[in-house]
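First to last, the protein sequences are chains A and C. Mind the numbering: the first sequence is residues 1 to 235 in the numbering used here, read in order. Mind the numbering: the second sequence is residues 1001 to 1695 in the numbering used here, read in order.
It should be emphasised that the hints constitute simulated quantities derived from the structure, not laboratory data. A hint or two may mislead.
Chain C residues, not near chain A, derived (Cβ > 12 Å throughout) [as the list claims (entries may be wrong)]:
{"id": "1", "residue": "GLY1157"}
{"id": "2", "residue": "TYR1320"}
{"id": "3", "residue": "ASP1337"}
{"id": "4", "residue": "GLU1460"}
{"id": "5", "residue": "LEU1550"}
{"id": "6", "residue": "PHE1616"}
{"id": "7", "residue": "GLY1624"}
Residues from chain C that keep clear of chain A, each with C-beta distances beyond 10 Å, as calculated [to be verified]:
{"id": "8", "residue": "TYR1127"}
{"id": "9", "residue": "ASN1203"}
{"id": "10", "residue": "ILE1354"}
{"id": "11", "residue": "GLY1383"}
{"id": "12", "residue": "LEU1407"}
{"id": "13", "residue": "ASP1456"}
{"id": "14", "residue": "ILE1625"}
Have a look at the derived ranges for each label pair, beta carbon to beta carbon [unchecked claim]:
{"id": "15", "chain 1": "A", "residue 1": "GLU200", "chain 2": "C", "residue 2": "LYS1591", "range": "27 to 37 Å"}
{"id": "16", "chain 1": "C", "residue 1": "PRO1675", "chain 2": "A", "residue 2": "GLU200", "range": "41 to 51 Å"}
{"id": "17", "chain 1": "A", "residue 1": "LYS98", "chain 2": "C", "residue 2": "ASP1292", "range": "45 to 55 Å"}
{"id": "18", "chain 1": "A", "residue 1": "ILE214", "chain 2": "C", "residue 2": "LYS1591", "range": "51 to 61 Å"}
Owing to the predicted nature of the structure, the values given are computational and were not obtained by experimental measurement. Glycine included, every Cβ here is placed at the ideal spot set by N, Cα and C.
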Amino acid sequence: MIKTEQHKRNPLRILKNSTKGGVGKGNIGVIAARKGVGKTACLVHIATDQLFEEKHVIHVSFSANTSHIISWYEDIFDEIAKKFSIDSAAEVHDRIIKNRIIMNFNQDGVKIKQITNSMKSLIKDGNFSANTIVIDGYDFTKCTIDDLKIIRSFANELGLEVWFSASLKDDKTELNENGIPAVLSDFTDEISILIYMKPEKDYIKLQLIKDHDIFPVPDMHLKLDPLSLLIVETE
Amino acid sequence: MRDDISTIRNIGISAHIDSGKTTLTERILFYCKKIHAIHEIKDKDGKGATMDSMELERERGITISSAATNVDWKDHSINIIDTPGHVDFTIEVERALRVLDGAILVLCAVGGVQSQSITVDRQLKRYQVPRIAFINKCDRTGANPYRVTQHLREKLGLNAVLLQIPIGLEDKLAGVIDLITMKALYFDGENGETIREEEIPANMREEAEAKHKDMLDAITMVSDELAEAYLEGKVTNELIHDTIRKATISLQLTPVALGSAYKNKGVQPLLDMTIKYLPDPNDVNNIALDLDANENEVKLISDKDKPTVALAFKLEDGQYGQLSYIRIYQGSLKKGDELYNSRSQKKFKVGRLIRMHADKMEDINNARCGDIVAVFGIDCASGDTFSHPNLNYSMTTMHVPETVISLAIKPKDLKSSDNLGKALNRFVKEDPTFRTYTDEESGERIISGMGELHLDVYIERMKREYDVIVEAGMPQVAYREAITKPVTFDYTHKKQTGGSGQFARIAGTIEPNHEGVFEFVDKIKGGVIPTEFIPACEKGFFECMKKGRLIGFPIVGVKITLEDGDFHSVDSSTMAFQIASTAAFWQVYSKANPQILEPIMKVTVEGPSEFQGNIFGSINQRRGIIISSTEDDIICRVEADVPLSEMFGYSTDLRSMTQGKSEFSMEFLKYSKVPESISDKIKKEIEEKKKKKGK
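Isolated chain C (complex conformation) (with noise of 0.2 Å):
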């Protein structure tokens, strides 16, 4: 274990699915001496690369799960933790997000800032990530790393800046400039180990120069200590990465470095600039919440001296059990520790602690605050806070979404039954943007998440890891019921023939709440209701907010207002108000005009320029409303709001439609009321299915 915490670097590799992510990461590993061979995505001797730990991540080449990874460079300590690039998994990348410090941007130098990159860097940008971009594919035809840096500037209003000139393009790449030390860097060697510097080549001098210009203006115009120096002739390199590395961290500058992962070329160079200008520890505010001091915010030191405090990211089970990937944001840790649970409220014992490199694993005997490293046998969920026994500390809860879509599973044999319920415990604790409940009517067993490919995944997941086959029903989209006109209520509940009785009587507003919340306002004066049958009166509106009466989703955006009321000195209970605010309510209900409301994606489809008409049509069959197009050379991108109920299916429509040459992205944006005729249509459905459950 390294003393100086300013050797660590805690980067996230984000990118667009395809731009490369993992064949960089790769590359990185390579370089860095933790493998010994290169595989590629997909490979002919059927081995993936080897962030991609999941078999069904190799399957589909595509990466799930964020497993992390140490590696070494140049006496700096790097962990690595590789982003899925779908938003359907966004989650995954959001949660990796919170214990990084920096990131690398990887972009395609053909496709430049794609849809994903602009919902990865907006999700960098919320947890202000300081990033570098790495425009990788450069060896591609139609590559052009110049306009990708326009296109972060334009589209991404990062202030980007080319450190590096590509020495050829396209299939006539080889190897890069450095514009701060004017230096040709070549990668020599069968995987491009060698790195052989040289003069700039004669016919490039003159662009070079004027590029190295340009990076320099683009410098000074954030650091005044720069722009003097600049004045006076006396820029020095070392001020030059200074000044980057500052800007970069405060979020005003974004280096941009080049290459080709999958050619060999320019990552050693993007790896310099990972110690060089992405910031360690030290220099990122992280903050906790005292829970046993009213949540006041404390600001975490990254001091190995301090009580530990630390975060478990991301879970996963392991050949020796449940493996914790946690991130240490102040004090150590040593095998043996005890620490605090702060949402169990339980204390257990570091056991074994291990430090990961995709997955193969090393024992540790320490860590100390700022390293990534995992930890064996303790039970936890995916955010959970540890911390020393003396704190009560709960890191800022994490920006989790609701779940738009769910299905109903089956387990197709005893077998599968028995397993099932591991499985999805498992699942759970690792994502909570993937939940799961039995439905109280139909008894069925439902899970629910973020798209169709969230779900289809975790189906497939209990098949190989848990060998669990169910039967999975049609998807189900999250609808909400909403009042749509304030109506008054004045309900009597009395029961008073025989034995002990029961009177409540209250009265009041029922209205919609724009915030789309539910609001209880207690506007009782003089005591016609007592103090404390109000919460009861409360308890019973919340309790009709779980299921509603259209067609039985839960029905948000309530105010209720209670202005008036009588009791009975002894016949009144909490009881009988709950009962008087549940009947009160539906019996104002359906006067209140309620309206099926459905989430509205936000979807971003992009395809080449000559295919538009058939994306608009779509859109348009879909009863989507297309926001905007926008048209760039080849490609056009065109960006709707489309009702998710609309959107099953839709990938392969495209493809088809598109000669498998467009993609997509979506994610939620808001609930919307259902058109008339689609709301007849809705009710129908879900009074057939309820038949059907019912025979």
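Bound-form chain A, shown alone (with noise of 0.2 Å):
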């Protein structure tokens, strides 16, 4: 494990302490927020920690090229080597980086169970023991409770975490009553952890809104820094 100052005073440590051990195996965790807030940007750097542990990860998008996804890799990590004078980052980065498989979907209306099975295939026949799988970009407008289930049982048979991005309506109606997001208001069972990127005037604050059966939760203390594009504490 690389035990270094970026792994120890790490704010996702925080996420991790501040919701019940994370999302844990088996379990999907969601950042929802509007288009061009940062979710992106949140789950690389979720991810990049998960590479930092030296786990493997899978990350699955919906874009025409990958090479973007691979840029925000590369800034995210920069940043992070940049704020925690990471010693030979380049090597550092070669090492980890090969734990990273991005898995892209670009045909319309891809089902989960098709995503899923490509995913296994990566991991049974191209033996990449995955642990973190993260999902950006998905339309949980076209999902069903079915496709969540379909995820869920997929993460526990291989013991795997997820985390999705979820996109908000840039509109008022984007929270319900209850303060969650309505486009996953009928999901909110199947979601472990739900996080909430809320602008705020000069920052994105991560408001955690569920972490498991708790719910409402208190407030993690966590924003997105506007200009590393990292998750950072509030002061």
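Once you've looked at the hints, go ahead and assemble the two chains, each given alone in its own frame, into the complex.
Here it is as structure tokens:
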């Protein structure tokens, strides 16, 4: 394990400590926000943090090409390396980045079953012992409760934790009366950790909405730094 | 010869293998009346397409050499370089791109942007070649030119704009609608030679209007002038053409045409677009280096009265000796002119001047800047610059990659032995990525290149063109050695007993250089080593880089800092310091923890999604690191970094595990440390090889 300052002082430890030990194997975590608020940055930071722990990550995306996702990882890694003055960063980068695979699906209306089948094939045939899956850009308006059950059962079977990003409508209906993002209101039972990214005056607050069976939950005091695009503690 | 340079187009046809570029070229030759019958690749009558001039290419259905040909279309002279599609021959593609002003990027309407299209487009970008895209094979089942256009935008990042839409698709492809003139074009006659212009079919009117608007929206984005005219309702076809031309040349836009070369549809409008939108030699900036003025950059001017500057970009063995294809950048050329080769520093006279049409040729008396012609009987290498004897210019060095694979060859009989040198000499001149040398220890003749197929093709060519039959050894990966730990050295070379003595002492550090190159830093102060001996020290260290002591491969990435030393006023000499440096290096080499580096290839495998698991498995078995996988309808594309040593025989394995439905391309990515377990295996293998040779 890469025991560095970044490991000890990492705000993502706060996320783990604030929640009941993080998402946990076989569970789903969701980061919800409007478009352009920084969901991808958060997911990539969470994924990179897992890589620093020498864990294996599959990053699922739905874009036309994978180059900009790779750029996200490069940028977040550089920021972390800079922030925690990591020695021989290039070597560390080369060592951990091989534990990340990007799976990109760019056909219209790809089914969850197909995504899990492809991941299973990668894990089994490709002998890739994944620990964490991040799924960025999945359209929850087309999602059914069965889809999430498929993902959970897949995560359970292979002992994975899964992080999703969920895009919210850019209007007042983004949260329902219980403070849950409207698009996710049917799925709260399947989601173990739900974080809402709330734009404040000059930063983005990470508000924990659901923590396993605890709801509502106390504030985590985490935010997305608009400059480095890293998750940091609020002062 | 036409006087107006603006009527010249020098274009390349770049594409993924099997997207039909040779068929397209064949049709272009036919419509431009250069050939009188159409031959398909691997035709039943045994004749291949005209541009596949080499027998081997005809047999394999692939194009290896970039044969040049000249055609006339509507008062324009178009020089076409047919470029190879396989990645093992990309130096050929790159060399062709160097002399081109524009390119047609051919894509398959079914396969879309495939792995090779991405490589080829990257090369076009590197040389900033403006391009138009042609979506071919619209008659095939599953053809979808709209999806391919989308791919051009998303995967290649091009501002691709459809200037046509198909009338029917797959087996119902009847013609195309020109979105600028808003006319339907049909291709009648046995070979589609008669173009019939009609009104747009009523059932397509609405779609055509919508696409016309999309096209205008896209073009107005790159031109304020057109946007204004659009708002004022004053858009003319001339203004649209003019805007597209400017935007294409400035790489802001890629016009997209479509059709099916095989079914003779859409080729003539593509030729129209070529002369309308691709640049003429005046539109392109070309730079040479003035070797007499510190290699200062000099802009070449497309003026026939300026002193001549030309570049040899392709050599071929013709009936009458060596045929050199040249692009004239400045001035003009006539039979009998004297030129100067800046590499060999020799003057020569231009004998026969030829305009090429695939393997037929036409004698001409003169040629001018912007043109691509061939000359006979000149001793030169590919990439040489020819200029007026008063100039000493060199065109910018072409990007030549390092070879990554080598194999030993042995002539089978005396006749082969005699001709082998001739064949190798020719290939080395033709192709800078093909190299040959004799291994000092084993005395074996070694050839090296960019991949297995690359070397296979040359072995075949030796047989076919020179009657040379060789036995080829197992391919050998070009390993490297690199140190991983800094070490200090302090070495005294002393031999002062009897006769003239030798004395040199040197001290300093040896450390890894992450730039991957050899660096020598002189930090000697106070003259403890006299300045005249410093170059000898550098030479001594540099000599060590040629062959490491781990497995006998070159050492890379070493920085040497010379900090201290000593000398003797009588016994010190350059020889003594060189010996001391070499000995000092070997004394500490093992302490610097040397490791073996191996070439890692960027591999892209493409195949039906149902075989994704097999593809993942095959990469995993080969110590590959999967970087990403993309699923796109029925096709999946896996990108991975795989050691070259593990890629031998991959094409056969891939074919068999995916029922021949997958393909891969690879190119050199970087050198990387070999894992400990593999390192021991390599050492053993090399040791055994040496023993065998010793027997």
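Hint check:
The non-interface label for GLY1157 of chain C is inconsistent with chain A: the shortest C-beta to C-beta separation is roughly 8 Å, within 12 Å. With 12 Å as the threshold on Cβ separation, the claim that TYR1320 of chain C sits away from chain A holds: the shortest Cβ distance comes to roughly 49 Å. The non-interface label for ASP1337 of chain C is consistent with chain A: the shortest C-beta to C-beta separation is roughly 49 Å, beyond 12 Å. For GLU1460 of chain C, the requirement that its beta carbon stay farther than 12 Å from each beta carbon of chain A is met, with the minimum near 35 Å.
At the 12 Å boundary, the C-beta of LEU1550 of chain C stays outside the reach of chain A, the nearest C-beta of that chain being 21 Å off. Non-interface call for PHE1616 of chain C relative to chain A: violated, since the shortest CB-CB distance, roughly 3 Å, does not exceed 12 Å. Non-interface call for GLY1624 of chain C relative to chain A: violated, since the shortest CB-CB distance, roughly 9 Å, does not exceed 12 Å. Distance check on TYR1127 of chain C: its Cβ is at least 21 Å (rounded) from any Cβ of chain A, clearing the 10 Å threshold; non-interface status holds.
Taking the minimum C-beta to C-beta distance to chain A, about 26 Å, the non-interface status of ASN1203 of chain C holds against the 10 Å cut. Once the 10 Å rule is applied to beta carbons, ILE1354 of chain C is consistent with being away from chain A; the minimum gap is 44 Å. Taking the minimum C-beta to C-beta distance to chain A, about 32 Å, the non-interface status of GLY1383 of chain C holds against the 10 Å cut. Distance to chain A confirms LEU1407 of chain C as a non-interface residue, since its nearest Cβ pair spans about 30 Å, more than 10 Å.
Distance check for ASP1456 of chain C against chain A: the nearest CB is about 30 Å away, which clears 10 Å, and the non-interface claim stands. Once the 10 Å rule is applied to beta carbons, ILE1625 of chain C is inconsistent with being away from chain A; the minimum gap is 5 Å. Taken as a hint, the range 27 to 37 Å is violated for the pair GLU200 of chain A and LYS1591 of chain C, whose Cβ atoms sit roughly 57 Å apart. Checked against the given bound of 41 to 51 Å, the beta carbons of PRO1675 of chain C and GLU200 of chain A, roughly 48 Å apart, stay inside it.
Judged by the Cβ atoms, the range 45 to 55 Å given for LYS98 of chain A and ASP1292 of chain C holds: they are separated by roughly 50 Å. Checking the proposed 51 to 61 Å range against ILE214 of chain A and LYS1591 of chain C shows it holds: the Cβ atoms sit about 58 Å from each other.
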